[in-house]
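J.: Residue numbers (this note's numbering), protein chains in the order written: chain A, 17 to 145; chain B, 17 to 145.
What the hints contain is simulated information worked out from the structure, not anything from laboratory work.
Because identical chains cannot be distinguished in the list, a pair is counted as satisfied if it fits within a single copy or across any two copies.
Derived pair list, reagent style SDA-like, types lysine to any residue, alpha-carbon separation capped at 25 Å:
(1) LYS122 with ARG133
(2) LYS44 with LYS145
(3) LYS145 with ILE83
(4) LYS145 with ARG87
(5) LYS122 with ARG91
(6) LYS110 with HIS123
(7) LYS110 with ASN141
(8) LYS112 with LYS122
(9) LYS31 with THR58
(10) LYS112 with HIS123
(11) LYS145 with ARG89
(12) LYS112 with SER75
(13) LYS145 with LEU85
All of these numbers come straight from a predicted model, not from anything done at the bench.
Number of protein chains: 2
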Amino acid sequence: MNIGEAAKASGVNAKMIRHYESIGIMPKANRTDSGYRVYADTDVHILTFVRRARGLGFSMKEIKKLIGLWRNRSRASGEVKTLAQAHISALDIKIKELQAMRDTLKHLSRNCHGDNRPDCPILENLAEK
Amino acid sequence: MNIGEAAKASGVNAKMIRHYESIGIMPKANRTDSGYRVYADTDVHILTFVRRARGLGFSMKEIKKLIGLWRNRSRASGEVKTLAQAHISALDIKIKELQAMRDTLKHLSRNCHGDNRPDCPILENLAEK
DNA sequence: ATCGGGCTTCCCATCGTGGGAAGGTCAAGG
DNA sequence: CCTTGACCTTCCCACGATGGGAAGCCCGAT
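Model the full structure from these sequences, guided by the hints.
T.: Written out as structure tokens, the structure reads:
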């Protein structure tokens, strides 16, 4: 499999596959005589794993650890769970931050008549110290 | 006021003030003979506005527009409201994405015993195509 | 032999923030 | 008057993840 085929099979585009190799997420791919990267099914599995982990919002650093645990058959599931729960906490914090922004903004927006007049509680609020 | 004093007064650090000037958010500051930037209260007001708008998650691009509306006394509040509501929608989308991640992860985590055994539904899920 | 498409590397951009180096300036105290 | 320390200046680099694009090589089909 060359990189384009691996991209199709994994759902990770070629550019990203090279990038993942450069940052050590993917092992250095074998090459043909002419320098083309060659992939096997196991590589596609890793790429798919990365794609799905990204979809859950894990950072590349976390994914690196997850892959390590995944490949280690004698891992303790507790380690994975700890990682996952730390990430859940981080997500919760971000969600709350965004909700606070949205709620504040919704409140201000409700009080803005939104017509041709210049008075605007949104701007007034932003201008407050 | 020099940049450090403006930073203290506005809550925006000096590095960021220079950055905002360089990207056209802040007007080019007047300088002393020796090259030090000089700020007035009006500049501090703008910086405070930027800080608060960032706190509500607006991008610099949006903030540029907001500042334009803010300084324009004949603005229509409708324009501000439209901008705000677009941002609220964007926040809602992001919140939902993060919540979906968190919910999936919570579900997987609940089913992971998290002990010394290697079986781990979290890893199994990530490994699925 | 040629041509289109795929591969390679390398550099640049995003967005907002910050670190740090090298050098100039200012005010206070000896 | 000179030193010292704190502040200022510009410039370059970094983060994290992704993508665009250029220049050049390779492969398979016509």
